[in-house]
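Asks: From first to last, the protein sequence lines are chains G and A. For the first sequence, my numbering begins at 24 and goes up steadily by one. For the second sequence, my numbering begins at 671 and goes up steadily by one.
No lab work stands behind these hints: they were computed from the structure. If you're wondering where the values come from, they're calculated on a predicted model, not measured in any experiment. Some hints here could point you the wrong way.
[As the list claims (entries may be wrong)] Across the chosen pairs, the derived CB separations fall in these ranges:
{"#": "1", "chain 1": "G", "residue 1": "Ala75", "chain 2": "A", "residue 2": "Tyr997", "range": "38 to 48 Å"}
{"#": "2", "chain 1": "A", "residue 1": "Asp857", "chain 2": "G", "residue 2": "Lys128", "range": "24 to 34 Å"}
{"#": "3", "chain 1": "A", "residue 1": "Lys948", "chain 2": "G", "residue 2": "Ser173", "range": "52 to 62 Å"}
{"#": "4", "chain 1": "G", "residue 1": "Lys165", "chain 2": "A", "residue 2": "Glu1107", "range": "43 to 53 Å"}
[Stated by the list, open to error] Calculated pairs, BS3-like style, for lysine-lysine (alpha carbon to alpha carbon, straight line, at most 30 Å):
{"#": "5", "chain 1": "A", "residue 1": "Lys1064", "chain 2": "A", "residue 2": "Lys835"}
{"#": "6", "chain 1": "A", "residue 1": "Lys995", "chain 2": "A", "residue 2": "Lys836"}
{"#": "7", "chain 1": "G", "residue 1": "Lys154", "chain 2": "A", "residue 2": "Lys836"}
{"#": "8", "chain 1": "G", "residue 1": "Lys128", "chain 2": "A", "residue 2": "Lys861"}
{"#": "9", "chain 1": "A", "residue 1": "Lys928", "chain 2": "A", "residue 2": "Lys995"}
{"#": "10", "chain 1": "A", "residue 1": "Lys1035", "chain 2": "G", "residue 2": "Lys165"}
{"#": "11", "chain 1": "A", "residue 1": "Lys836", "chain 2": "G", "residue 2": "Lys165"}
Cβ coordinates follow ideal geometry from the N, Cα and C atoms, glycine included.
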Amino acid sequence: MIQNRILVYGYGNPGRQDDGLGPAFIERLDADEIPGVVTDSNYQLQVEDALAVSQSDTVIFVDAAVSGDEPFTFTELEPSNETGLTTHSISPGNLLALCRDIFHKSVRAHVLAIRGYQWEFMDKLTLDAEKNLDLAYRFLKKKIHDISNSELH
Amino acid sequence: MGRKITIEPITRVEGHGKVTIKLDDNNNVAQSRLHIVEFRGFERFVQGRPYWEMPVLVERLCGICPVSHHLAAAKASDVIVGAGTGDGLTPTAEKMRRLMHYGQMFQSHSLHFFHLASPDLLFGIDADPAIRNVIGVALEHRDLAVQGVMMRKYGQEIIRATAGKKIHGTGAIPGGINKNLSIEERDEFLKGADPLNIDKMIEWAQAAVTFFKDYHAKNREMIDNFAVFPSNHLSLVRKDGGLDLYHGVLRAVNPEGKKILNDVDYQEYYNYIGEEVKNWSYMKFPYLKSLGKKDGWYTVGPLARLNTCDFIPTPLAQKEFEQYKAYTNGKPNNMSMHMHWARLIETLHSAEMIKSLLLDNDLQKSKLVTTGKKAYEGVGLIEAPRGTLFHHYKINDQDQITMANLIVSTTNNNEPMNQAVAYVARSVFTGKAEITEGMMNSVEVAIRAYDPCLSCATHALGRMPLEVILCDARDNIIDAKRK
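From just these sequences and the hints, can you work out the full model?
Replies: Next comes the structure, spelled out in structure tokens:
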């Protein structure tokens, strides 16, 4: 069986409290050194990330959510041609569309949206966001195990 | 009955902005304004923090150009640790910082042209917004989209190698730098697998300038007449008048090219530049004190830089510069859409500078930091991708910040962007009873030429809707749309 190449990409600004949930998630994942998993993080997604996405079979975007279900949601993602309100950053769906149109590669993708609460100029996550991060991390580690052992399709 | 059209926020511009265009009873433009909700709390937030934290703290201000804030703060901190005002660093420290900065300039300008500006040029201002975007470019002009992605990638890797990491880079420190460039890193940038090597980047940067010139030749009417208005221009220049994006003296010229700020030391910028507050915008309006608030506003960024400098110190960009200057007979260029031309010439210059620095053995030397007599105040200026960026700090005996003043590029361009909006509003909205997508986009195209960054550096899911509000003369909302 060919193992899935999994990219987990956390994004957000660690200097803006719970906006740093994505990068904080990646720090934990890096410490665990899971075989077959490649990680990356940045303030926000950018067009050049389409290259890294194209080199994966599955990509999981990890971001903070300002609203929605607690402690997190995990949803499958489709390519989207509808651009957002800025291309200084780019949406995960746009990135999949760029990957498809530039590199002719379709990638299975999910978004793990971890609920955050405060967004001021501070390094530290709020306690509630930390709890959500713990739960999301446990969930995704199991999910990664399932995905990496599933057959490519 | 008069009407007010509100476009909020601006699409494809970072952060939140709002354009209001007031029409009178005859559908003539009575007033136009670009309102910007800029985050100003940061200057107060840093008070009480130690000065040596500034290079890593202030870069959190912006997720778009953190390198510019990182370096401007480091330059101000250099003054405080007694490392001089730009010429006191070790050759390795200064060249590593320059490499970081030109990497940032290269990737930022590439992003702007290929992914923000090119959709408007390739598909036209009136095109369906569902196509007129980066995905449309990828579908219809794949080669251009690939070049944009790879040029961004190359610049980002330069930043990673010099700043240490992509988020919260730590490369520049007060008085110098904390790492040099390894031989392996250098060779990868010089001779990496195609296309990620510097020669390919230079080739693509040249091709991008040619692309714009070809487009200009076919669309002269629009490019030369869209949002044209006289402006003063301000930037750093090298002491000999050459283009320098990292360090220099402060120069300003008026619309005719006469020097109105003659190569002054930026450590005393506050003697020459004031900041006006207006009650309808959170963003200040900088001006040259010698000309006063009404006439002293100025433009910064690529257009301004090529208007203030006398030459470009790299051969390929200099050749393009000569052609660019000849187009206006050597006079300052006040055509907003020529900002794209200037930006692409700077992209080429940045690529040439990167190659020149990579070939310099100083990058592998080990003397990284300089110190001297402590000072209690420091100013750091840099030419960020969008224009001149000012950082000014004062400290106390405990090394804590007691005063911070930041004038970011977009703030410097506040009045020029308002002028551009007013120009387009008058020429596009006058006499029109209905607002089309193309008309709205015309306003955005004018603003996008300045590549404003209104980032509050937080982007979490669920933010940043587009709201369009239509109001009557008494500000009653008669229509509202949300994207």
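Asks: I'd like to know which numbered hints this structure contradicts. Please list them from smallest to largest.
Replies: Of the numbered hints, 6, 10 do not hold.
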